Structure formats: structure tokens, C-alpha cells
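Trainee: Construct the entire structure; sequences and hints are all you get.
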Amino acid sequence: MKFMRNCFVLFFALSLASCVSTPKNSFTTPVPEQVGMNELAGKAFVSETGKYEFNEDGTAVYSQMNYSSSRYTKTALYAYSCDSETKTLYMARRGYYVDDVLYTNLDDFMNAEYTTNYDDDYCALQKKRYMIDSELVQQYVYTFDKDKASIVTKMGTTLTEQSMGFLYSPESTNGIYLFSMIWYNGGLSTGNYDINDGGKSYMGTTEAMIVLTDATDSTAKVAYTYDGEILGYGRMEYKIDKRSDTQGSITVSFHDIDQAVIDFYESRVKELKKSTVYRFNEPALKIGAFINSEPLTLESISPTEYDVEE
845 MKFMRNCFVL FFALSLASCV STPKNSFTTP VPEQVGMNEL AGKAFVSETG KYEFNEDGTA
905 VYSQMNYSSS RYTKTALYAY SCDSETKTLY MARRGYYVDD VLYTNLDDFM NAEYTTNYDD
965 DYCALQKKRY MIDSELVQQY VYTFDKDKAS IVTKMGTTLT EQSMGFLYSP ESTNGIYLFS
1025 MIWYNGGLST GNYDINDGGK SYMGTTEAMI VLTDATDSTA KVAYTYDGEI LGYGRMEYKI
1085 DKRSDTQGSI TVSFHDIDQA VIDFYESRVK ELKKSTVYRF NEPALKIGAF INSEPLTLES
1145 ISPTEYDVEE
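If you read the sequence shown in my numbering, its first letter stands for residue 845, the second for the next number, and so on.
One thing to keep in mind: the hints can contain errors.
Computed list of lysine-lysine pairs in DSS-like fashion (alpha-carbon distance at most 30 Å, straight line) [to be verified]:
hint: 1; residue 1: K931; residue 2: K895
hint: 2; residue 1: K887; residue 2: K931
hint: 3; residue 1: K931; residue 2: K1083
hint: 4; residue 1: K931; residue 2: K868
hint: 5; residue 1: K990; residue 2: K918
hint: 6; residue 1: K1117; residue 2: K1044
hint: 7; residue 1: K918; residue 2: K868
hint: 8; residue 1: K1044; residue 2: K1118
hint: 9; residue 1: K972; residue 2: K918
hint: 10; residue 1: K931; residue 2: K990
hint: 11; residue 1: K895; residue 2: K1086
hint: 12; residue 1: K972; residue 2: K998
hint: 13; residue 1: K998; residue 2: K1086
hint: 14; residue 1: K1086; residue 2: K972
hint: 15; residue 1: K895; residue 2: K972
hint: 16; residue 1: K918; residue 2: K992
hint: 17; residue 1: K998; residue 2: K918
hint: 18; residue 1: K1118; residue 2: K1130
hint: 19; residue 1: K931; residue 2: K918
hint: 20; residue 1: K895; residue 2: K998
hint: 21; residue 1: K1065; residue 2: K1130
hint: 22; residue 1: K1083; residue 2: K972
hint: 23; residue 1: K1083; residue 2: K998
hint: 24; residue 1: K868; residue 2: K895
hint: 25; residue 1: K992; residue 2: K931
hint: 26; residue 1: K1065; residue 2: K1044
hint: 27; residue 1: K1086; residue 2: K992
hint: 28; residue 1: K1083; residue 2: K1130
hint: 29; residue 1: K918; residue 2: K887
hint: 30; residue 1: K887; residue 2: K1044
hint: 31; residue 1: K1065; residue 2: K992
hint: 32; residue 1: K895; residue 2: K990
hint: 33; residue 1: K972; residue 2: K1065
hint: 34; residue 1: K1086; residue 2: K931
hint: 35; residue 1: K868; residue 2: K972
hint: 36; residue 1: K1065; residue 2: K1086
hint: 37; residue 1: K992; residue 2: K1044
Think of the hints as simulated: they come from the structure by calculation, not from any bench.
Only a predicted model underlies this, so the values are computations on that prediction, with no experimental measurement involved.
Mentor: This is the structure we're talking about:
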């Protein structure tokens, strides 16, 4: 199964009237000083899902593949620096693009990107995440030669650190269900699942995203969100096993989940329950909906591979 490993799941919101105003320039976090030669300047790293263009002035543009138009669309501007001795890349956000227009003010960006009014609590929750993101310096380990490059997220040790990435993608051997989960910067999202019952296929998705806040070195508060509203809350416990700068695992479990969230899950799998094999797949589906309290271990994401262009 193929996954978009370098995706930025943007489910941030958007009724700005209730949100705290932000400075004119919301993205000013400095990156570390350059060490050694800036060997990335003037190069572009290109994959099927996105590309980074590293400029001579210490900025980098990230563009994501728009599959409807089959072209790359600018999404974010970063400041960057690199340590050519340790092959570490540092990146801090400098703004977002909407229709090729760069927005360096968070309120202006959200007004341009989103037009629908959302629940006030949801807005406040998501804007808090944006503001935290604006203060973070992302760290990656990179390798490249004349034609090929790879970038992998540098592992952190707690969820208060930006630098971490995990991918969990179990697939049953008989194809009964399909489930994926991407962990990126403290957020989780589900993919689709499929139950096959005697040739008849039942498909569905929870479609709910979760947002983590109030993280400690072992716990975090979980907000379950859907379609611009907060469905309810829960609690997550976690433990990170860091095996190297780029490899490790995180074990998570979810507890004290509000009944409204459970009701939402039940409504999304109503059709699937008609299947006679549903009972065999319910544990996996509950993992997908984050309704389980059993520990779940996620492995670190492997490097994203790029073609190098001058």
C-alpha cells in the first residue's frame, strides 16, 4: 500500500471573530546558524506528492501535488539552514500560500483559505495549534547526491517536541480490512477500511480527526473533531522508544472518551455492522476510530525519497 508520507494534514479552522488576533508577521521563529556549506541552495527536491525548492536567500518553498490539476501548488514558505557536517536540515515556517499569494499573517491566511464559519471552540483549538506551529523549528536528516535525495524527520522524545514522525499501516493478510494512520506533529488521522463479506464489500471511514493539546511527557488531552466542530474529548497515554535520531516507535492508548465520540463512531460503522464478519474486524475498526483503550504501537516513518533538480 502506498502512503503520502510527507503530507500536511490541515484541518485548522476558522471563524476568526472569536479568535485572538495575531501579529502582522506571525512567522518569525529563527533557525540555527548555518554550519559548513549550504549544499541545498539552488536545488529542488521533487517527489510524486510534493517538492521543496531551496533558495539562495535561506528560504524554501514547499509545493504539494494537486491531483485534480496534475501540478504542484505552493502551500508553505520556510526559513531553512543546514549543518553539512551532521546532514541536519532546520526549517521554520514563514507563511502559507493561497492561490500563489503568500500570507505571513495567520488571520489573513485563515480568512483567505477558509470561507465557512466554524464552531467557536473548534476555531480556538485549531488556531492554538497554528500558533504553536509558528514557533517550532522542524529538524530533518537529509542525504543527497547529484540525482537522488531523502529526507526523514528527526525523532523527538516527547510530544512537546516538534521533531517526530510515525506511520502505522497494518493490513490483514486476507484483505478483509484496510486501515492506516499517519502521525504528524501531534495529529492523527484515519484512512479508509473495507470489510468483504462473501464478495459483498462494506466500506467506510470514521472521518474524524483528533487534535492533541496539553501534552506532558506521557499524556495528552485529545479533542475529537469533525466538520468544524468538536465532537468530544478523551485522554491519551503514550511512551516513545527512540532507537536513533530517525528511528523509533510510540505506544499510545486512549481513555475516558466522551460518549458523543463513541456515538459518532457507531453511526459511521452502522452499514458495516450488517456484515457477518464484522465482529472479527471490530477491534481493528475501533483502533481506526481511536475508541480503543488497548496499547497501539506505531513505527517511525521511513525517509521520503526525492529526485534532485538544479
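Trainee: Confirm or reject each hint.
Mentor: Okay, the hints, checked on the actual structure:
1. The straight-line distance between the Cα atoms of K931 and K895 is roughly 19 Å, inside the 30 Å bound, and the hint therefore holds.
2. Annotation: proposed proximity of K887 to K931 holds, straight-line Cα distance about 15 Å (limit 30 Å).
3. Distance restraint check for K931 and K1083: the Cα-Cα separation of roughly 27 Å lies within the 30 Å cut-off, and the hinted pair is therefore satisfied.
4. Of the pairs offered as hints, the one joining K931 and K868 is violated, with about 34 Å between alpha carbons and a cut-off of 30 Å exceeded.
5. For a cut-off of 30 Å, the pair hint linking K990 to K918 stands: about 24 Å separates their Cα positions.
6. Taking the CA atoms of K1117 and K1044, the gap is near 13 Å; set against the 30 Å cutoff, the hint holds.
7. The hinted pair formed by K918 and K868 meets the criterion: a straight-line CA distance of about 21 Å does not exceed 30 Å.
8. The hinted pair formed by K1044 and K1118 meets the criterion: a straight-line CA distance of about 11 Å does not exceed 30 Å.
9. A C-alpha spacing of about 23 Å is found between K972 and K918, which places the hinted pair at or below 30 Å, so the restraint holds.
10. The straight-line distance between the Cα atoms of K931 and K990 is roughly 16 Å, inside the 30 Å bound, and the hint therefore holds.
11. Using a Cα cut-off of 30 Å, the hinted pair K895 and K1086 holds, with the two alpha carbons roughly 28 Å apart.
12. Taking the CA atoms of K972 and K998, the gap is about 24 Å. The hint holds against a cut of 30 Å.
13. For the proposed pair K998 and K1086, the alpha carbon gap of about 10 Å is at most 30 Å, so the pair holds.
14. Of the supplied pair hints, the one linking K1086 and K972 holds, its CA atoms being roughly 27 Å apart against a limit of 30 Å.
15. For the hint pairing K895 with K972, the CA-to-CA distance comes to about 27 Å; that is within 30 Å, so the pair holds.
16. Note on K918 and K992: the hinted pairing holds, with a Cα-Cα distance of about 22 Å set against a maximum of 30 Å.
17. Restraint check for K998 and K918: satisfied, since their Cα atoms lie roughly 24 Å apart, inside the 30 Å limit.
18. Among the hinted pairs, K1118 with K1130 is consistent with the structure: their alpha-carbon atoms are about 16 Å apart, no more than 30 Å.
19. Between K931 and K918, the direct Cα distance comes to roughly 25 Å. Compliance with the 30 Å bound is thereby established for this hinted pair.
20. Between K895 and K998, the direct Cα distance comes to roughly 19 Å. Compliance with the 30 Å bound is thereby established for this hinted pair.
21. Distance restraint check for K1065 and K1130: the Cα-Cα separation of roughly 19 Å lies within the 30 Å cut-off, and the hinted pair is therefore satisfied.
22. Note on K1083 and K972: the hinted pairing holds, with a Cα-Cα distance of about 24 Å set against a maximum of 30 Å.
23. About 17 Å separates the Cα atoms of K1083 and K998, which keeps this hinted pair within 30 Å; it holds.
24. About 28 Å separates the Cα atoms of K868 and K895, which keeps this hinted pair within 30 Å; it holds.
25. A C-alpha spacing of about 15 Å is found between K992 and K931, which places the hinted pair at or below 30 Å, so the restraint holds.
26. The suggested pairing of K1065 with K1044 is violated, with an alpha-carbon distance near 39 Å, which exceeds 30 Å.
27. Using a Cα cut-off of 30 Å, the hinted pair K1086 and K992 holds, with the two alpha carbons roughly 27 Å apart.
28. Pair hint K1083 plus K1130 holds up; C-alpha atoms about 21 Å apart against a cutoff of 30 Å.
29. For the hint linking K918 to K887, the alpha-carbon distance of about 16 Å falls within 30 Å, and the restraint holds.
30. Taken as a hint, the K887 and K1044 pair is broken in the structure, with Cα atoms around 49 Å apart against an allowance of 30 Å.
31. For the hint linking K1065 to K992, the alpha-carbon distance of about 40 Å lies beyond 30 Å, and the restraint is violated.
32. For the hint pairing K895 with K990, the CA-to-CA distance comes to about 16 Å; that is within 30 Å, so the pair holds.
33. Restraint check for K972 and K1065: the C-alpha separation of about 14 Å stays at or below 30 Å, so the hint holds.
34. For the suggested pair K1086 and K931, the alpha carbons sit about 19 Å apart, so the restraint of at most 30 Å is met.
35. About 17 Å separates the Cα atoms of K868 and K972, which keeps this hinted pair within 30 Å; it holds.
36. Taking the CA atoms of K1065 and K1086, the gap is near 22 Å; set against the 30 Å cutoff, the hint holds.
37. Pair hint K992 plus K1044 does not hold up; C-alpha atoms about 44 Å apart against a cutoff of 30 Å.
Checked against the numbered hints given earlier, this structure breaks hints 4, 26, 30, 31 and 37; the rest are met.
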